[in-house]
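Student: Chain by chain, the residues run as shown.
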Amino acid sequence: MVEWFTFTQIFIALAAGVLCLVLGFAGRTPSDLSMGPIALVAVLLIAQLVMAAIAPAVGNHPTGSLLEFWMYQIAIVIVPLLAMVWALVERGRWSVVVLGVSGLAVSVMLYRMWIIWTVQGA
Amino acid sequence: MSESRSVTERLSAVMPRLVGTGTLTVLVAVYAVLVMAAVGRSAFQIIDHFSKAPIAISISGVSALVYVLAMVALIVHRGAWYRVAWVTVSIEFAGVVVVGAITAFFPDALGPDSGNAFGDTATVWTVFGQGYWFVPLVLPLAGMWWLKTHPVRAGRAEAAGKAHA
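Going down the list, the sequences are from chains A and B.
Each residue of the first sequence is one higher than the one before, starting from 2 at the first, in the numbering used here.
Each residue of the second sequence is one higher than the one before, starting from 103 at the first, in the numbering used here.
In case anyone wonders, no lab produced these hints; they're calculated from the structure.
Nothing here was measured: the structure is a model prediction, and the numbers come from that model.
Any given hint could turn out to be false.
What the hints assert, rightly or not - If you anchor each label on the Cβ, the simulated ranges turn out as follows:
1) B:Gly122 <-> A:Glu4: 42 to 50 Å
2) A:Val90 <-> B:Ile157: 35 to 43 Å
3) B:Ile157 <-> A:Ile79: 26 to 34 Å
4) B:Arg112 <-> A:Arg29: 13 to 21 Å
5) B:Trp235 <-> A:Gly37: 21 to 29 Å
6) B:Phe236 <-> A:Phe12: 18 to 26 Å
7) A:Ile116 <-> B:Ile177: 30 to 38 Å
We put the CB at the ideal spot given by N, CA and C, even for glycine.
Please work from the sequences and hints to get the whole structure.
Tutor: Here it is in structure tokens:
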């Protein structure tokens with residue numbers, strides 16, 4: 002994983018998650034304002050997946066378990082996409098809260114992936 | 103609609119429509135995150151190092167099953183599934199309290215390092231769900247609250263179920 006890209010993603014996912022939670026609890030239904038940031042998170046995660054696949058070949062090796070890392074890497078891409086599909090199917094305020102939950106989950110999972118990639122010893 | 107429509111509106115227009123699932127949507131979404139966590143964690147533990155702490159890792163696997171069943175039961179929440187939801191959510195609560203207490207007060211009781219919520223023999227319930235911001239401790243209570251406030255016409259649905267059976 003690339004450090005600056007990872008932490009940029011964590012920050013964006015966290016900000017997008019909090020924004021959607023606020024919008025959802027304020028009673029707003031899904032709009033480009035809530036869907037846009039989560040879509041950005043999803044696009045970044047797909048870029049992250051490609052980068053993780055290439056990284057070992059260009060000398061960026063994980064020190065932790067590759068199996069555990071890839072379980073996270075695949076699941077994490079699905080999370081915001083599912084939340085977005087849900088928001089398109091049910092256009093209510095709670096779907097925006099779900100978008101927010103997906104943003105927070107992604108940020109935590111990214112942090113965990115960074116730990117797995119860079120773990121020392123073990 | 104005279105004003106220009108947003109991307110969200112245009113995409114949404116071609117999708118099937120669901121309305122009124124309300125707070126259940128959020129509950130199920132949080133369950134889905136924990137299902138992912140519990141299933142992913144236990145699958146990795148069983149594949150990678152089951153023999154390191156068979157008891158703790160078995161509990162981890164059981165917790166994954168409980169979360170999957172609870173989530174499905176909450177989604178369906180009709181007839182018998184309403185009762186399944188109560189049972190699984192209760193098991194979930196008992197699990198997080200009992201396993202949480204054992205791992206918090208007797209850190210090595212379930213195997214080496216099993217009291218470390220961030221270790222490789224932890225379950226989602228270890229130290230009351232410490233590794234997941236204690237969401238596993240609060241979630242079953244939220245589930246019980248939802249079930250209690252939405253008594254899904256259990257009698258009628260059951261009667262209908264029997265009539266068809």
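Student: Against the structure shown, which of the earlier numbered hints fail to hold, in ascending order?
Tutor: Violated hints: none at all, because every hint is consistent with the structure.
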